[in-house]
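Participant: Work out the full structure: start from the sequences and follow the hints.
Protein chains: 2
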Amino acid sequence: MKTSADVYVAACPSRVALELIASKWTLLILPALAEKKRMRNNELMRRIGGVSQKMLTQTLRDLERAGLVLRIDHKTVPPWVEYGLTPLGRSLSRTLTSLDRWVEKHQAELNGGAR
Amino acid sequence: MKTSADVYVAACPSRVALELIASKWTLLILPALAEKKRMRNNELMRRIGGVSQKMLTQTLRDLERAGLVLRIDHKTVPPWVEYGLTPLGRSLSRTLTSLDRWVEKHQAELNGGAR
DNA sequence: ACAAGTACGCACCTTTTGGTAACTATGAAA
DNA sequence: TTTCATAGTTACCAAAAGGTGCGTACTTGT
Chain A
1 MKTSADVYVA ACPSRVALEL IASKWTLLIL PALAEKKRMR NNELMRRIGG VSQKMLTQTL
61 RDLERAGLVL RIDHKTVPPW VEYGLTPLGR SLSRTLTSLD RWVEKHQAEL NGGAR
Chain B
1001 MKTSADVYVA ACPSRVALEL IASKWTLLIL PALAEKKRMR NNELMRRIGG VSQKMLTQTL
1061 RDLERAGLVL RIDHKTVPPW VEYGLTPLGR SLSRTLTSLD RWVEKHQAEL NGGAR
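Going down the list, the sequences are from chains A and B. As numbered in my numbering, the first sequence has no gaps in its residue numbers, which increase by one up to the final residue, 115. As numbered in my numbering, the second sequence has no gaps in its residue numbers, which increase by one up to the final residue, 1115.
Hints are computed from structural coordinates only; laboratory data are not their basis. Worth double-checking, as some hints may not be accurate.
Under the rule of at most 35 Å between Cα atoms (straight-line distance), these lysine-lysine pairs were calculated in the DSBU-like manner [said to hold, decoys possible]:
1) K24/A with K1037/B
2) K105/A with K1024/B
3) K1105/B with K105/A
4) K1054/B with K37/A
5) K1105/B with K24/A
6) K1105/B with K36/A
7) K75/A with K105/A
8) K1054/B with K54/A
9) K37/A with K1105/B
10) K54/A with K1105/B
None of these values were measured; they are calculated from a predicted model.
Facilitator: Structure below.
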């Protein structure tokens, strides 16, 4: 079903981009990748913590499609795949990192999200 | 069902905060509120566009509970309710606004989120 | 012969998100 | 007396997000 909101969003490309970026995983993955030039799947999992293999892969693919993340597959067995940021991704990661840092710094002042 | 990810998140308060902030609506509402000291429900709806009454109210309540948004109910009929930012909200909105601006500026370089 | 290691893809299922529509309150105006 | 306005709330429903478990490929070490 197509709602009026869909029509609006379709007419406004930045909304599509915003939804990609406004994801918990994107907000964690990009800053994580910014810490090192290249990182493997395993390492990303450990750094981020709490992310499932499925979501990590899925988000990385979305980011790759968007042109923010680079995927380097060495085509070996066992698999050796590295991820890095494109220049665009590096640019965005600067803003996201500052957002992450804000959250870390002010989390104590925020009342817990308990409903 | 409680998964291992839940346990992790519970142990890490900044994750809870991040999930509140990593919402499409939060990313739009806070910067919108930053443009004016006080704003009414109707005006927010128009400024943001594409948000339903339900989601707007719900997100505003979450943000209020977190201490980012101020809700001033004049208790009149018809209702007159205004929203504004707390100092903490104003502080966060600066980072979010810069994120919004990044998206606007670079949306053309981003490949559409089409799957 | 067999297990380990890596980065997945897929199927199945539950939970969360979010939309729509209908309902609420109440004083003022027509 | 009926209508309007505003800012909700609620119930119901569809869609999307996201978890778990299983299968896969192939090489190297035991």
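Participant: Compare the structure with each hint and give your call.
Facilitator: Here is how each hint holds up against the structure:
This hinted pair checks out: K24/A and K1037/B have alpha carbons roughly 29 Å apart, not beyond 35 Å. A threshold of 35 Å between alpha carbons decides the hint, and for K105/A with K1024/B the separation of about 22 Å falls inside it, so the pair holds. A distance of roughly 27 Å separates the Cα atoms of K1105/B and K105/A; the hinted pair therefore holds under the 35 Å criterion. For the suggested pair K1054/B and K37/A, the alpha carbons sit about 43 Å apart, so the restraint of at most 35 Å is broken.
At most 35 Å may separate the alpha-carbon atoms for a hinted pair to count; K1105/B and K24/A meet this at roughly 22 Å. As the CA atoms of K1105/B and K36/A are separated by approximately 26 Å, the hinted pair is consistent with the 35 Å bound. At most 35 Å may separate the alpha-carbon atoms for a hinted pair to count; K75/A and K105/A exceed this at roughly 41 Å. At roughly 31 Å between alpha-carbon atoms, K1054/B and K54/A fall within 35 Å of each other, so this suggested pair holds.
A threshold of 35 Å between alpha carbons decides the hint, and for K37/A with K1105/B the separation of about 25 Å falls inside it, so the pair holds. At most 35 Å may separate the alpha-carbon atoms for a hinted pair to count; K54/A and K1105/B meet this at roughly 31 Å.
The earlier numbered hints that this structure contradicts are 4 and 7.
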